[in-house]
Amino acid sequence: MIPRPEYPRPQFVRPNWLCLNGEWEFEIDAGDSGLERGLVTRPLSGRISVPFCPESKLSGVENTDFLNAVWYRRRVKIPSEWEGSSVLLHFQAVDYDATVWVNGMEAGRHRGGFTPFACDLQDISGAFPGQVIEIVVRARDAHRGSQPRGKQSDIYHNKRCLYTRCTGIWQTVWLEPVSEYAMKRPRLTPDIERNVIFLEQTFSRTRPGLRLRARLEDKWGVVSQGDVPVGASLLASLELPVPEDRRRLWSPDDPHLYDVFIELLDEHGLVIDQVSSYAGLRSVAIDGKAVLLNGRPLFQRLVLDQGYYPHGLLTAPDDDALKRDIALSLDAGFNGARLHQKIFEERFLYHADRLGYLVWGEFPDWGCNLSGPSGDNQQPDSTYVTQWSEALERDYSHPCIVGWCPLNETWQIITDRIRRLDDVTRGMFLTTKLADRTRPVIDASGYSHRVLETDIYDSHDYEQEPARFAENHTGLAEGKPFLNREPNSTHDIPLSVPYRGQPFFVSEFGGIWWNPDAGPGDGSWGYGKCPASLEEFYARFEVLCRTLLDNPHMFGYCYTQLTDVFQEQNGIYRFDRTRKFDLHRIRQAQRRPAAIEADEGVFPQPQTPAQPLKKGDAIEEPQVSSAVYSA
715 MIPRPEYPRP QFVRPNWLCL NGEWEFEIDA GDSGLERGLV TRPLSGRISV PFCPESKLSG
775 VENTDFLNAV WYRRRVKIPS EWEGSSVLLH FQAVDYDATV WVNGMEAGRH RGGFTPFACD
835 LQDISGAFPG QVIEIVVRAR DAHRGSQPRG KQSDIYHNKR CLYTRCTGIW QTVWLEPVSE
895 YAMKRPRLTP DIERNVIFLE QTFSRTRPGL RLRARLEDKW GVVSQGDVPV GASLLASLEL
955 PVPEDRRRLW SPDDPHLYDV FIELLDEHGL VIDQVSSYAG LRSVAIDGKA VLLNGRPLFQ
1015 RLVLDQGYYP HGLLTAPDDD ALKRDIALSL DAGFNGARLH QKIFEERFLY HADRLGYLVW
1075 GEFPDWGCNL SGPSGDNQQP DSTYVTQWSE ALERDYSHPC IVGWCPLNET WQIITDRIRR
1135 LDDVTRGMFL TTKLADRTRP VIDASGYSHR VLETDIYDSH DYEQEPARFA ENHTGLAEGK
1195 PFLNREPNST HDIPLSVPYR GQPFFVSEFG GIWWNPDAGP GDGSWGYGKC PASLEEFYAR
1255 FEVLCRTLLD NPHMFGYCYT QLTDVFQEQN GIYRFDRTRK FDLHRIRQAQ RRPAAIEADE
1315 GVFPQPQTPA QPLKKGDAIE EPQVSSAVYS A
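Read in our numbering, the sequence shown has 1051 at position 337, and its numbers run on one by one without any break.
Honestly, I wouldn't trust all of these hints.
Restraint-style ranges between C-beta atoms, simulated for each label pair [said to hold, decoys possible]: (1) Glu894 <-> Glu1107: 19 to 25 Å; (2) Lys898 <-> Glu848: 24 to 30 Å; (3) Lys898 <-> Met819: 20 to 26 Å.
I should point out that these hints are in silico values taken from the structure, not numbers from a laboratory. Think of the CB as a built atom: it goes at the ideal place given N, C-alpha and C, for glycine as much as any other residue.
Input sequences plus hints: build the corresponding full structure.
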């Protein structure tokens, strides 16, 4: 049985593909000497189940030591029915530095462990439909220097909020036939003021006479359609209007999506490429200290989701697990998540789009802490901007995404002598604003705000004593928000530029430690002292939430966290997703109308909590067909 067999790119769908998940040859290259030892051309010594990383149980390897380099090999026949097409070899994610050979020839390279890349095989000898090709991948992951890696531990053991590492392939590998004049990922922008979906479409290449044709559909049929000449600019754009009687805004209460069908026509009107996508008609805007969804303030009751799984680590064991995590969050009363220190796979965002789940996209920037002079140990480099740009391009069109967070918990004193962190933070912020003018951007979450014009301001507050927690946030009304200080420092040295009245939220709080079975020395931890009883837990959770909900200058919060993750045992659910608490009480603590909603006359009506999806529950899938590979 092929693991993770579902289509990996549901917002950019072509009808034919070949899933390459399953058994591959595999070998650990401890000294990163495999190239010199000829691993490109000789058989490898072991086996692995792709797409699971070798540190995971589901991979069949389960080696949790530092893996400087790993190698993969597989032979596959390109389907004969793809005759006349070019072939792309896709990798949804490989951590960290990947080189790909096909039939002994280098086919591509990519740095960055969280974003997809593809190798065009048209120049590879023997790599055409009907032929068997040999794919070899080397992934290097030295965990030295400035390298974005999120929550992967930098020592052998897990510690506090750092967890088991991930090396090599950890998302789907697949082949795809494409036209010589292939369309690239469509960019879909909703405009609810004008009732249109704006399509921007780029191409691999063009020629005279090509036209772009697109149509928008809902369950009643065609909503609108249009076509435009492509021209020589490699970019074509058109508007797809939504008539008033077909207008249906995307929201958590009604996550309506329009299907989008896009075709590239030649000079004779014949279709030479076609893709399908979808879009939601919704807006995100700022009004004073409120963040608006479709013109109305909606308090963002978010939960921190780190996307780890007991047996798959960064890779969900199956597609149902992705849907289930969203359903579990909704069942606990949250309306969205901060996707923390990980670029989640595209199928998670697909399910969030369909379930009306609000998310903040975040770059896994941890990994830039280097030893050095005091106050100068945060040194992100230009690769951060490159890799974050790839994530923005991949995820721009998802309606579920309501904000961007390029960096998390950077900290360094404000000084004119140490500027690298300032430069990269500003570069990440400006890159995000240039890529997306439709969503708010926070320059960095928690601790060190370094861009004056950041759209959003926040802090992280894990104070557990309710009175002190409330006191921390009384100053927001006078423009004096709670600010994070330098870790373990007694000096009141500024880490952030001044607050200028932006929308504010506490983007990490709570994290209440709860594991009554924890024993001495087992590493279990959370924030603060573990409550003495469940009743004490509920009381603390309720008052922390109420403090933020009742603050009229607060647009949202993010509770830490959805599930336990290894030794960090402060989740609403256990690591295996079983319940720890009475969810009715967790839910009721969050159902209180927020002050920022009440000030606008918006009182959310209680809703029937979402029920966790069970294995086999249907959610409409894109119409694709995958050739079946047999060795």
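- Hint says 24 to 30 Å; check whether the CB-CB distance for Lys898 and Glu848 agrees. holds (28 Å)
- Return holds or violated for the Cβ distance of Lys898 and Met819 against the range 20 to 26 Å. At roughly 24 Å between Cβ atoms, Met819 and Lys898 fall inside 20 to 26 Å, so the hint holds.
- Evaluate the given range 19 to 25 Å for the C-beta pair formed by Glu894 and Glu1107. holds (22 Å)
When the structure is compared with the earlier hints, no violation turns up for any of them.
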